[in-house]
Amino acid sequence: APYSKTGGLGLVAASYSYEFPRKGHRTMVVSPKYKHFEGISWVGEAKVWVNGREEAVRYWHKFESSGDGKGCDFIFVDHPAIERQGGLYNADDGREYPDNLFRFTLLSAAAMEAPLLLDIGGRGKYGDKVLFLANDWQAGLVPFYLCHKYRRNGCYSQSRAIYVVHNLGYQGQYPHVQACHFFGCEQHMATDLELGDCVNLSKAALINADRVLTVSPNYTKEIQTPEGGFRLEHIVRAKGDALRLGGILNGIDDVWNPETDKDLHTKYSLDDFETGKAANKLALQRQLGLYEDPGAVLIGFVGRLTWQKGVDVMVQIISWLMEDTGNGVTGRCQIVMMGNGERQYADALRWAEGTFRGRACGYVGFDPKVEHLLMGAADLFLMPSRYEPCGLPQMYSQRYGTLPIVHATGGLVDSVKDVSFGTGEATGFHIWPLSKEKMQEVVYKAVELCLKYPGEFRKMQRNAMSEDFYWPQAMDEYEKAIDTTLYDPPVMR
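In the numbering used here, the protein residues as written are 73 to 565.
Hints were generated in silico from the structure; no laboratory data involved. Check each hint, because a few of them may be wrong.
Here are the computed lysine-lysine pairs in the DSS-like style, where the Cα-Cα straight-line distance is at most 25 Å [as the list claims (entries may be wrong)]:
id, residue 1, residue 2
1, K441, K334
2, K201, K95
3, K201, K339
4, K524, K508
5, K552, K517
6, K334, K77
7, K95, K77
8, K201, K489
9, K142, K197
10, K142, K201
11, K508, K489
Note that this is a predicted model, so its numbers are computed, not measured.
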């Protein structure tokens, strides 16, 4: 981001490009040139070997300032195979491009050459003492090439590679590839790539990286299990045994701040959040056509409409949530659900809005301004993801005093303190295991606390708003991991 983004990875990579220079590091981001971006200029070219032949790649550059004379060199890798009319990875019909392995092999090969070749802005080349931060399978060949090609030939001997796992469910697997021919490597090297009848770029990265990081400490544990490792758990465990594995919770951008957020009707702070949130609730109710009811417990959801996000379980409890059975809890709520995704879930959101007009909003689509206002207006935020390596919305919501109700998985465990800690410390509510019945139980508890014990609920809101999820804290952890990685001996294969 802002050049290319399909999800959380794009947001996190954008934060790297801003925060590392701010900490004083000379920083280069290497990305595919998916289209022509304004303000970029040609800075060089290279020949790389892919699929049995030499390929010419061109490099384009743009410097993005982060203030005080600091900034990041954005390098865009250009080749006829990279730019497409559809999405980044898939055509408009949803099918993956058949040459994605070729495209992302080009990216990694070009990224390895860039520090050695490019003299950017007269400031000299980056050289062969660098730290490569390779993100997910798309850059999975960077550790492989560093270990098997460059290090073996005396190049990058003082450099290291950290592989960051954002989601191990996506591994870059491609069947029926002759690895030695495609990657220009010997057979004993190809075994690092092969898994069954596929090449697996994540496997190669995990084996060859000098350190592996995930986007939350709890996700680091989960990918060492059969359920979370997706056939690579034994490799992850081996990395842990070698003391080369860790997890750092992602940070959030400082645009998520109720004191300065221009998309709120009324800005607020820890000192006046009750009146601020009440004003935003009224503004959102008016904007989305909900009843103007200050006493309603407003519950929000923003996310992709997919099975992975637990949408199927969420929609099962809506009728129960809306029905007033005299318990003083259900029937006292409003719900706003926003997102794009699978048709069946989009239809379920439309059904909820049509059935419970004035109390439910099924917003099929996405509007960042509505997302910000929802964070400032809601009392509770639902995030029932089946798995979530890190997650960002649960951190946004806490900053706005909107208590998250999350499935106890991945980074949601690390970032949300369950009510079982006591209202003096808790910042939200955990659902475990994820089921309709358990979700009803936890949502009931949260709504009841809001309605019947408002003092305790306010305590939790203050706890949540006092949490610090901004990037500077995460960057401190990254710097420690980088220092350790540069100090440790390299992986040799």
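Each hint tested on the structure:
1. K441 / K334: 9 Å, holds
2. K201 / K95: 18 Å, holds
3. K201 / K339: Violated, because 46 Å separates the two Cα atoms, which is more than 25 Å.
4. K524 / K508: 23 Å, holds
5. K552 / K517: 40 Å, violated
6. K334 / K77: With a Cα-Cα distance of about 23 Å, the restraint between K334 and K77 holds, given a limit of 25 Å.
7. K95 / K77: 24 Å, holds
8. K201 / K489: 41 Å, violated
9. K142 / K197: Cα-Cα ~17 Å, so holds.
10. K142 / K201: 20 Å, holds
11. K508 / K489: Given that 25 Å is the threshold and the Cα spacing comes to 22 Å, the pair holds.
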